[in-house]
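**Student:** Start from the sequences and build out the full structure, keeping to the hints where you can.
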Amino acid sequence: MQGSGFEVRTGEVPALSVAGLSHRLGGRDILSDVDLVVPAGSFVVLLGPNGAGKTTLFSLLTRLYTARCGTIEIFGHDLARNPGKALALLGVVFQQRSVDPDLTARQNLAYHAALHGMPRGTARRRIEAELERVGLAAEADRKIRSFSGGELRRIEIVRALLHGPRLLLCDEATVGLDVRSRAAILSDVRDLVRERGIAVLWATHLIDEVEPEDATVILHRGRIRWQGRAGTMAADMGRGRLQDAFRSLTEEAA
Amino acid sequence: MITAGYLRCLRGIVVREMLRFVHQRSRFVAALVRPLVWLFIFAAGFRSVLGVSIIPPYETYILYEEYIVPGLVAMIQLFTGMQGSLSMVYDREVGSMRVLLTSPLPRWFLLVSKLLAVTVLSLPQVYVFLMIARLWGIEPPTLGYLTVLPALLLSGMMLGALGLLLSSMIRQLENFAGVMNFVIFPMFFASSALYPLWRIEEASPLLRDICAVNPFTYAVELIRFMLYVRIDFLSLGLVVAYGAAFLGAAILAYDPARGVVGRVRAAVDA
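First to last, the sequence lines map onto chains A and B. Each residue of the first sequence is one higher than the one before, counting from 323 in the numbering used here. Each residue of the second sequence is one higher than the one before, counting from 15 in the numbering used here.
One or more hints might be untrue.
Partner residues are not named here, just some residues of chain A that face chain B (Cβ under 7 angstroms, in silico) [unchecked claim]: (1) Cys391; (2) Gly406; (3) Ala410; (4) Ser420; (5) Asp422; (6) Gln429; (7) Val511; (8) Leu528.
No lab work stands behind these hints, which were simulated from the structure alone. Computed from a predicted structure; not experimentally measured. Glycine is no exception: its CB is placed at the ideal position from the N, C-alpha and C atoms.
**Tutor:** Laid out in structure tokens, this is it:
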């Protein structure tokens with residue numbers, strides 16, 4: 323692994339701590355010895371081309387798959403030993419759409435709140451407030467089937483935030499959206515880090531979503547290839563541009 | 015506090031299933047038409063061919079229509095249970111299964127809640143069917159409509175648990191036709207729903223043995239006895255035992271560490 327890494331304040335419990343995580347499927351190593359830390363209240367980009375293992379990593383982080391080798395801790399709670407406490411602190415936006423198209427936005431959100439055991443009154447207030455924040459309050463009673471791709475993603479982000487998570491996982495949250503919707507969603511998530519102190523792990527294959535100051539982790543073929551501030555990647559790799567540095571990291575390892 | 019959270023989660027899952035059911039009104043109509051066709055056409059046609067002697071819980075000779083009503087009630091629950099399985103496969107296809115499985119509440123509780131939701135959905139369908147059957151002259155004791163409720167809950171849970179287990183093995187909605195052919199119809203026909211076991215034995219001892227190990231037979235008999243305010247302890251015990259076995263297997267199947275779902279998802283992802 324190359325790169326200078328990024329700072330984690332001593333004594334602070336990280337939002338996400340992954341150590342020695344490996345996963346093998348059908349005789350293939352999908353993830354190999356992955357170590358990853360997302361400091362509390364920070365925005366970390368997990369950058370990797372398609373097939374890098376990002377979705378498998380997210381499936382392990384959300385306990386859809388069980389990690390057989392390595393550990394995952396969310397704010398110090400071991401996901402294998404204490405899944406209830408760990409998952410309660412986690413909000414997830416999956417790469418694949420995950421809302422029921424036959425129900426309205428409000429019904430989908432109320433269902434999610436119930437799955438987290440939230441009281442109805444609290445759920446109702448948070449649904450209203452979050453929908454208001456993303457400008458979809460007037461659309462709450464429309465069936466999901468009629469929403470555009472960008473609106474749907476905003477509903478999924480609202481849903482991921484309803485139970486007040488301290489760590490948000492976004493797996494290719496902008497995939498399939500136009501440039502304007504992509505920028506709006508990315509900006510909204512960055513605002514959440516600044517305004518609410520939520521930690522975010524943002525998985526993407528699009529290098530133009532990365533800002534120079536972003537803590538960035540390059541994943542390719544199941545291995546972490548580089549970690550550090552994105553702005554230092556080009557210099558580290560002896561390239562002039564970030565795009566070239568990323569290409570060389572994912573080509574050299576191929 | 016923790017219990018309240020569990021109850022809210024259960025309520026949320028039941029409400030979602032009901033909303034989905036309400037949005038698909040044709041499901042309610044289909045669920046009613048199916049047993050009514052059997053009652054009005056099949057049973058009326060076979061009334062003179064298939065005589066039923068006095069067997070418990072009946073105390074007099076009965077018409078064939080009266081005999082098959084408990085079997086048709088169980089058929090409604092069998093279809094609802096399998097619809098529950100369909101709903102789980104649908105959830106997987108639209109991605110909302112991920113939302114369910116990433117809830118912080120224990121996975122066994124989420125599955126039991128789903129099962130209860132499916133069972134609750136079957137109750138209005140059953141009671142509307144029983145009311146129509148009453149208008150048709152099938153009149154069990156009035157108290158029977160109350161005493162049959164625990165039987166309906168148990169048999170609904172047992173058949174729903176079977177549906178949950180099957181849903182862990184079905185990967186696509188299209189495969190539901192296979193469930194119809196290989197699960198629903200054999201379970202229904204190789205049971206005491208349409209003919210008493212003694213009559214089946216006269217025709218084929220082997221078929222009788224198959225009926226005797228079919229869990230659906232015991233769901234039918236449990237409903238039949240309790241609709242007539244009696245208890246068949248063998249059926250009660252076996253419905254509970256089969257239900258526990260199916261539920262246990264379904265919970266294991268949905269456990270990502272050991273289950274079918276985890277392995278299938280993993281294979282797909284690879």
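**Student:** Hint by hint, say whether it matches the structure.
**Tutor:** Against the structure, the hints:
1. This hint is violated: Cys391 of chain A has a C-beta 13 angstroms from the nearest C-beta of chain B, more than the 7 angstroms allowed.
2. The interface hint given for Gly406 of chain A is met, as the beta carbon of that residue sits about 5 angstroms from the closest beta carbon of chain B, less than 7 angstroms.
3. Restraint check, Ala410 of chain A versus chain B: the minimum CB separation of about 4 angstroms is within 7 angstroms; hint holds.
4. Restraint check, Ser420 of chain A versus chain B: the minimum CB separation of about 4 angstroms is within 7 angstroms; hint holds.
5. Interface restraint check: Asp422 of chain A against chain B, minimum CB-CB distance 5 angstroms, threshold 7 angstroms, status holds.
6. Annotation: interface hint on Gln429 of chain A holds; nearest CB of chain B at approximately 6 angstroms, less than 7 angstroms.
7. Taking 7 angstroms as the C-beta contact cut-off toward chain B, the hint placing Val511 of chain A at the interface is violated, the least distance being around 19 angstroms.
8. Taken as an interface hint, Leu528 of chain A does not check out: its beta carbon lies about 21 angstroms from the nearest beta carbon of chain B, beyond 7 angstroms.
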